[in-house]
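*Asks:* Sequence:
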Amino acid sequence: MYNFLKKMKQPQGRMQGKKKSVKYTGYWVSKWSGFLYDKSWTSVFHITRALSLLIFAIFHTLLAAKFKENIDILEKMLLVNFGILYINSALMVFPLLHNSKNMISFCSVIRMEFNKPIINLSLKQLAVTEYTRRYVRQFSRKVACILYSSLLYNFMRRFIFEGFSIKVLPINGWLPFEINTWLRYSAVFILQTFVSINVITVHIGFLIVFVTHSKFLCEQSEILSLHLQESFENNFPTVSIGLYERNVERAKYINSRIKTSVQLHINLLKYYNLFQETYSMFLFIFALSTGAMICTVVYVITDPTSTLVQSITCFGTLFLPEVFIIGIYCWFGQEVTNKYECIQNAAYSTPWYTQPVSTQRLLLNLLTICQRERIVMAGGLQQFSLLGFSELLQASFSYFNVLNAMRQ
Numbered sequence: 001m002y003n004f005l006k007k008m009k010q011p012q013g014r015m016q017g018k019k020k021s022v023k024y025t026g027y028w029v030s031k032w033s034g035f036l037y038d039k040s041w042t043s044v045f046h047i048t049r050a051l052s053l054l055i056f057a058i059f060h061t062l063l064a065a066k067f068k069e070n071i072d073i074l075e076k077m078l079l080v081n082f083g084i085l086y087i088n089s090a091l092m093v094f095p096l097l098h099n100s101k102n103m104i105s106f107c108s109v110i111r112m113e114f115n116k117p118i119i120n121l122s123l124k125q126l127a128v129t130e131y132t133r134r135y136v137r138q139f140s141r142k143v144a145c146i147l148y149s150s151l152l153y154n155f156m157r158r159f160i161f162e163g164f165s166i167k168v169l170p171i172n173g174w175l176p177f178e179i180n181t182w183l184r185y186s187a188v189f190i191l192q193t194f195v196s197i198n199v200i201t202v203h204i205g206f207l208i209v210f211v212t213h214s215k216f217l218c219e220q221s222e223i224l225s226l227h228l229q230e231s232f233e234n235n236f237p238t239v240s241i242g243l244y245e246r247n248v249e250r251a252k253y254i255n256s257r258i259k260t261s262v263q264l265h266i267n268l269l270k271y272y273n274l275f276q277e278t279y280s281m282f283l284f285i286f287a288l289s290t291g292a293m294i295c296t297v298v299y300v301i302t303d304p305t306s307t308l309v310q311s312i313t314c315f316g317t318l319f320l321p322e323v324f325i326i327g328i329y330c331w332f333g334q335e336v337t338n339k340y341e342c343i344q345n346a347a348y349s350t351p352w353y354t355q356p357v358s359t360q361r362l363l364l365n366l367l368t369i370c371q372r373e374r375i376v377m378a379g380g381l382q383q384f385s386l387l388g389f390s391e392l393l394q395a396s397f398s399y400f401n402v403l404n405a406m407r408q
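Quick note: the sequence shown uses the working numbering, first residue 1, plus one each step.
What the hints contain is simulated information worked out from the structure, not anything from laboratory work.
All figures in this text were calculated on a predicted structure; none of them were measured in a lab.
Backbone N, C-alpha and C define an ideal beta-carbon position, used for all residues, glycine too.
Among the hints, erroneous ones may be present.
[Unchecked claim] DEER-style ranges, computed between Cβ atoms:
1) Lys39 <-> Asn273: 19 to 29 angstroms
2) Arg372 <-> Ser398: 40 to 50 angstroms
3) Asn273 <-> Leu183: 15 to 25 angstroms
4) Asp38 <-> Ile160: 38 to 48 angstroms
5) Arg372 <-> Pro176: 49 to 59 angstroms
Between the sequences and the hints, there should be enough to build the whole structure, so can you do that?
*Replies:* This is the structure in structure tokens:
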């Protein structure tokens, strides 16, 4: 840590960190994934591509579950699970498209204000900013690797259990024609590949952008907490004046920093409200479909006719990724709440009782506003936190109990 802080003192390294950080605002990921409209033809193309393939996938799976013959109940439940996943992805795109202006504004805030703060950052604060940017880069790579690996494994599931033939496709979907030639088989296989990559890319985009924006909110909360703590440390500029004059100047210095803290907190509340407006309906739609997705997978895993290998495969390729995605949203929603609470703890932990009345009033106002928790809410109904994660899983298994009772 000491070596890292030492490197941060070098102007060249600091500028290089800023240049890298500008790339990670979530703007290009959301645009390429197809849920950001910025009045360009590129965004129109990606939106059309994402939605058209998702709509095709919905009909391709749900029509097969409804009308296709010679498929058992387990295969139908898997097709319903895929259909719900595709519907969920398509519906989650629309609130983000509707809030494209908010998304662009938040990305601009990251690029312009977070990378060019109104205060001179200390070494600890610079370490926080560098950690956030490094974390976002690593998270983006890891989550893409995990979900694409899950897609590849799930894509090969039918070939593993049923063998490779002209009658076996990765997704047993509905088609208006019969596959009786290898040319048709190749065309459908390529189409299903593009459809599957499209839906995973959209979900990866959702995750990366949401986590990027939540981490930058956490970063600003942590910077404000450190600013409050460091205002009372022995870092007042040394001057050749008497003790009384020095104490007066120090009180003015602290008062000035607390005023800056209040300004930073006001800006942080604006950023939080912008974040909440952008993702509220998006998370609400996600929460609605979560239970249906998980309960259909659990239905397949617990079916008496499923073999052990099939159950393990469905558990690893469907259940775990879905719970993993839900957990990510709830974990980072909880982190936004926790980092905001640190501001209140930092303000109260300062020696406010030794300060003039004017400084105490500023801190009191800050503490009063911080008493209201900032919880990431989905449509004002479902909170995305660790408590919300347990509630979503409980709802999912409640739906499963209903399905299980119907099976018996």
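*Asks:* Evaluate each hint against the coordinates.
*Replies:* Okay, the hints, checked on the actual structure:
1. Taken as a hint, the range 19 to 29 angstroms holds for the pair Lys39 and Asn273, whose Cβ atoms sit roughly 24 angstroms apart.
2. The given range of 40 to 50 angstroms is broken by Arg372 and Ser398, whose C-beta atoms sit roughly 31 angstroms from each other.
3. Taken as a hint, the range 15 to 25 angstroms is violated for the pair Asn273 and Leu183, whose Cβ atoms sit roughly 55 angstroms apart.
4. Hint check: Asp38 to Ile160, Cβ distance near 42 angstroms, so the stated range 38 to 48 angstroms holds.
5. Checked against the given bound of 49 to 59 angstroms, the beta carbons of Arg372 and Pro176, roughly 56 angstroms apart, stay inside it.
Hint compliance for this structure: hints 2 and 3 are not met, and every other hint is.
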